[in-house]
Each structure stands twice: as C-alpha cells, then as structure tokens.
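Turn these sequences into a full structure, and let the hints steer you where they fit.
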Amino acid sequence: MNKEQFLTQLKKQLSGIPKKEVDDMLYDYEEHFTSAAAKGKSEEEIVNSLGSVKSIAATIKADYYIDNADGSFKPKDIISAVFAAAALGFFNIVFVLGPFTGIASIIFALWAVSFSFLFSGFIGAFLYTIAAVFSSAVFPLLAFQGLSFITIFFGLLTLGMTGLFMGIGCFYLTRLFFKLTVSYLKWNLNFVTTRRL
Amino acid sequence: MNIQFKKGVLELCVLSLLTDEDRYGYELVSKISENIEISEGTIYPLLRRLQKDGNVTTYLQESKEGPSRKYYKLTENGEKMCVELTNEWLGFVSKVNTILKRSA
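First to last, the protein sequences are chains A and B.
Following this note's numbering, the numbering of the first sequence begins with 1 at its first residue and continues without gaps.
Following this note's numbering, the numbering of the second sequence begins with 1 at its first residue and continues without gaps.
The hints are simulated quantities; they were obtained by calculation from the structure and are not laboratory data.
Don't take each hint at face value.
Here's a subset of chain B near chain A, in silico, CB distances under 7 Å, partners left out [what the hints assert, rightly or not]:
| # | residue |
| --- | --- |
| 1 | 25 |
| 2 | 26 |
| 3 | 39 |
| 4 | 40 |
| 5 | 44 |
Just so it is clear, CB atoms sit at the ideal spot from N, CA and C, and this is done for glycine as well.
Here it is in structure tokens:
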C-alpha cells in the first residue's frame with residue numbers, strides 16, 4: 001500500500017465523521033508522510049510502521065463518537081458511541097455492547113408498557129364514556145348504572161395516569177442510563193481499551 | 001510488550017518528551033518508536049485527545065522540508081499531569097521492583 005491508498009482508505013473508513021474533523025486527522029498523517037519521507041523512508045515503509053488503517057480508524061471513531069455523545073441525550077448519538085466503542089475489539093463487544101443491549105431492551109420494554117397503559121387508559125375512558133352516554137340514550141333504563149360506570153371510568157383513568165407517571169419515570173431513567181453509558185465508555189476508552197498500539 | 005501496559009505509558013512518554021521542547025508529530029513518533037515498538041499511527045489520535053483535554057496546544061511553523069509542521073506545546077495543565085503521571089509511574093515501578101528483587 002502506498003501513501004495515496006492509505007489516506008484514501010482512512011478517509012473512507014472515517015465516513016460519518018464531520019468533514020472538518022476528518023481533514024484535520026488526514027492532515028496529521030500527510031505531515032507524517034512528508035516528515036518521514038524527508039528522513040529517507042519509502043512510502044511502503046512508512047505505511048507499514050503506521051499500523052492497520054482499520055485499527056487507526058476504529059480508534060479515531062471511538063474518540064469522536066464518545067465525545068459527541070457526551071452531554072447528548074439523543075439515542076442516535078449514544079448508540080453510535082456504543083457501536084464505535086464495540087468496534088475496538090472483542091473485549092468491548094462483550095463488555096460494552098452486551099450490557100448496553102440488555103439494559104436498553106429492559107428500558108424499551110418499560111416505555112412500551114407506559115405507552116400502552118397511557119393510551120388504553122385514556123382512550124378507554126373516553127370511549128367508555130361515549131358508549132355509556134350512547135347506550136343510556138338508547139336504553140334509558142340501563143343508563144349509568146350508578147357505581148359501575150364510575151368505577152370503570154375511574155379505573156381506566158387510573159390506568160392512564162399510571163402510564164403517564166411511568167412514562168415520566170422512564171424519561172428520567174433513560175437520561176440516567178445515557179449519562180452512565182457515556183461515563184462508562186469514557187472510562188473504558190481510557191483504561192480498558194483494546195486498541196492496538 | 002503487553003498492549004494494556006503500553007497504553008498509559010505512551011501518554012506519559014509524549015508528555016515527558018514535550019517538557020524539553022515543543023515538538024512536531026513525526027519527531028514524537030520517532031523518539032518513542034526508537035525505544036518502544038508501536039503502531040505509529042496511533043500516536044495522532046492520542047495527540048488529539050491530549051489537545052482536546054487541554055494538556056497540549058498546537059501551532060504551525062514553517063519547515064525546511066516542505067509544508068508547515070504542526071508543533072505540540074505542553075500547557076500548564078499538561079505539565080502538572082506529566083509530573084503526576086511520572087510520580088505514579090516511578091512509585092509503581094519501585095514497588096514492582098521491590099517484589100521482583102525480593103530476597104527469597
């Protein structure tokens with residue numbers, strides 16, 4: 001592989017990172033080639049001692065995406081950071097991607113339950129009221145059988161409220177989870193990282 | 001050498017080399033790889049991290065050999081960090097040595 005191929009491959013592997021960052025990075029490697037060539041090294045030699053493009057790109061990406069996820073609460077940013085860290089090696093697939101996927105699934109399930117409570121509760125209460133009003137118009141004698149209407153109506157309302165509060169809980173839980181994930185990734189990058197040197 | 005081992009040490013080497021004078025990337029790389037076997041390409045992400053964390057700053061300077069070079073300069077924070085890491089390292093090494101050289 002020569003200089004041109006090395007830089008082209010690196011650029012290709014860094015797709016997804018803003019152009020400015022990539023240009024900065026590529027500048028460093030171009031300068032490396034110029035300086036090393038000035039010391040009489042061939043392009044081939046320089047490329048060999050630089051190490052594999054894949055592992056360099058993986059390191060740069062992990063650095064970038066984890067920084068990018070720091071302070072962000074967008075699921076996309078967090079997930080990108082987790083995957084970039086997982087790409088650093090087998091250890092991280094097990095100790096980053098594994099736990100993240102597990103906990104994320106539980107939180108997702110909690111969200112799903114909140115939403116189903118919320119919607120079935122409120123929409124149920126609404127439809128039930130309409131049905132009750134309608135049936136009382138058609139069958140006046142059956143109208144609003146006192147207790148049972150109120151019980152069912154408030155039962156549904158309570159279900160909806162439970163969903164609402166659970167949803168609020170999920171919101172804070174998700175934020176906390178994202179925050180902890182980023183802290184763990186930063187720690188992981190500094191101490192446990194399996195990037196090749 | 002063991003990979004896990006090298007990681008933190010590399011950062012210390014870079015900081016330490018910068019205490020003498022400002023240096024450009026390739027200079028740092030070759031000083032280190034004279035002694036420790038590394039994939040040279042991984043130094044640049046490390047330098048960027050040091051820069052982002054405010055331990056080094058960079059400036060461009062003309063060179064005789066072609067385009068301008070990016071020089072790395074230690075900040076006050078970086079100096080502090082270098083002292084801390086050096087002490088940690090020396091303390092660690094002396095403890096390990098105590099164990100290795102114990103009189104059985």
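Evaluation of the provided hints:
1. 25: 6 Å, holds
2. 26: 4 Å, holds
3. 39: Hint on residue 39 of chain B: holds, closest Cβ of chain A at ~3 Å, below 7 Å.
4. 40: 5 Å, holds
5. 44: 4 Å, holds
Of the numbered hints stated above, none is contradicted by the structure.
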